[in-house]
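Protein chains in written order, with my numbering: chain A, 1 to 114; chain B, 1 to 114.
No lab work stands behind these hints, which were simulated from the structure alone. Treat the hints loosely; a few may be bogus.
To be verified - To be clear about the criterion: a stretch of chain A counts as covered by chain B if any three or more of its residues have a C-beta under 8 Å from a C-beta of chain B, and this derived list gives those stretches:
1) 18-24
2) 78-85
To be verified - 30 Å max Cα-Cα, derived DSS-like pairs, lysine-lysine:
3) B/K57 to B/K11
4) A/K22 to A/K49
5) A/K22 to A/K77
6) B/K11 to A/K77
7) A/K106 to A/K69
8) A/K106 to B/K11
9) A/K106 to A/K22
10) A/K49 to B/K57
11) A/K58 to B/K15
12) A/K106 to A/K58
13) A/K49 to A/K77
14) B/K15 to B/K57
What the hints assert, rightly or not - Below, a sample of chain A positions facing chain B; criterion: calculated Cβ distance under 10 Å:
15) S28
16) G29
17) Y36
18) Q38
19) R42
20) T52
21) L56
22) G62
23) F63
24) F67
25) A96
26) T100
We put the beta carbon where it would ideally sit given N, CA and C, even for glycine.
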Amino acid sequence: AQSVAQPEDQVNVAEGNPLTVKCTYSVSGNPYLFWYVQYPNRGLQFLLKYITGDNLVKGSYGFEAEFNKSQTSFHLKKPSALVSDSALYFCAVRDAAGNTPLVFGKGTRLSVIA
Amino acid sequence: GAGVSQSPSNKVTEKGKDVELRCDPISGHTALYWYRQSLGQGLEFLIYFQGNSAPDKSGLPSDRFSAERTGGSVSTLTIQRTQQEDSAVYLCASSLGQGPYEQYFGPGTRLTVT
Numbered sequence: 001a002q003s004v005a006q007p008e009d010q011v012n013v014a015e016g017n018p019l020t021v022k023c024t025y026s027v028s029g030n031p032y033l034f035w036y037v038q039y040p041n042r043g044l045q046f047l048l049k050y051i052t053g054d055n056l057v058k059g060s061y062g063f064e065a066e067f068n069k070s071q072t073s074f075h076l077k078k079p080s081a082l083v084s085d086s087a088l089y090f091c092a093v094r095d096a097a098g099n100t101p102l103v104f105g106k107g108t109r110l111s112v113i114a
Numbered sequence: 001g002a003g004v005s006q007s008p009s010n011k012v013t014e015k016g017k018d019v020e021l022r023c024d025p026i027s028g029h030t031a032l033y034w035y036r037q038s039l040g041q042g043l044e045f046l047i048y049f050q051g052n053s054a055p056d057k058s059g060l061p062s063d064r065f066s067a068e069r070t071g072g073s074v075s076t077l078t079i080q081r082t083q084q085e086d087s088a089v090y091l092c093a094s095s096l097g098q099g100p101y102e103q104y105f106g107p108g109t110r111l112t113v114t
């Protein structure tokens with residue numbers, strides 16, 4: 001079975017400071033990993049994904065994520081947070097083998113304070 | 001190009017009535033997914049369609065829920081004899097296929113059962 005854990009329900013960070021939103025996963029094989037963002041009263045938007053290759057993945061709006069196989073983690077990062085980054089962030093995983101649906105974490109609410 | 005669209009955007013219905021929710025995926029996307037998001041919660045997978053294959057219905061919470069996809073494009077999610085616990089935002093997503101492809105989400109249908 002595959003699963004995703006986002007251990008923090010809420011992350012608060014000051015504008016201009018670096019931010020990290022944590023994600024750990026469990027799959028039986030190799031993972032496909034995704035980050036999505038949901039702004040208030042809007043649908044989910046794709047941010048970035050890890051499929052294979054370079055462990056550091058760069059995505060939209062200056063976000064990046066690092067795949068760490070030994071720690072089964074895929075933390076989302078940004079060097080300098082903006083107030084407009086305040087949103088709900090979801091990590092998702094599926095096993096690269098097989099045909100299973102994408103499994104989403106419960107989400108982490110990021111608040112960037114001016 | 002056009003994104004995923006869903007209708008209606010809001011639906012208020014009385015307990016016991018049937019409802020139909022519609023999803024128009026991105027043209028050319030062979031995979032289509034339905035999720036449910038309760039207030040402040042993560043995404044709950046309901047069902048997914050991939051091409052002409054039999055749908056994966058493993059996430060449907062009860063036999064009151066059903067979905068179909070006509071002509072490999074538009075999908076309808078039907079909830080029969082609605083209950084108050086069915087109140088949620090129903091999200092549809094589409095992708096080029098399974099595997100490493102990211103999903104593109106519609107804006108959702110907010111269902112309220114009174």
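If you draw a straight line from the CA of A/K22 to the CA of A/K77, is it 30 Å or shorter? holds, 9 Å
Is A/K106 within 30 Å of A/K58, Cα to Cα? Holds, because 23 Å separates the two Cα atoms, which is no more than 30 Å.
30 Å limit on alpha-carbon distance, applied to hinted pair B/K15 and B/K57: holds, 24 Å
Within the assertion that chain B covers the stretch 18-24 of chain A, do at least three residues meet a Cβ-to-Cβ distance smaller than 8 Å? violated (count 0)
Need the status of pair B/K11, A/K77: alpha-carbon distance at most 30 Å? violated, 37 Å
Check whether three or more residues of the stretch 78-85 of chain A sit with their beta carbon closer than 8 Å to a beta carbon of chain B. violated (count 0)
So, as I understand it, the hint says A/G62 touches chain B; can you test that by seeing if any CB pair is closer than 10 Å? The hint is violated - A/G62 has no Cβ within 10 Å of chain B, the shortest such distance being about 18 Å.
Restraint check for B/K57 with B/K11, where alpha carbons must lie at most 30 Å apart: OK: B/K57 and B/K11 at ~23 Å, within 30 Å.
Check whether the Cα positions of A/K106 and A/K22 lie no farther apart than 30 Å. Holds. A/K106 to A/K22 sits at ~12 Å (cutoff 30 Å).
Take a quick look at whether A/K49 and B/K57 sit within 30 Å of each other, Cα to Cα. holds, 26 Å
Close enough to count: is the Cβ of A/L56 nearer than 10 Å to one in chain B? violated, 17 Å
Per-residue hint verdict: A/R42, partner chain B, C-beta under 10 Å: Hint holds; A/R42 Cβ to chain B Cβ min 7 Å, cut 10 Å.
Hints 1, 2, 6, 11, 15, 16, 21, 22, 23 and 24 from the list above are not met by this structure, while the remaining hints are.
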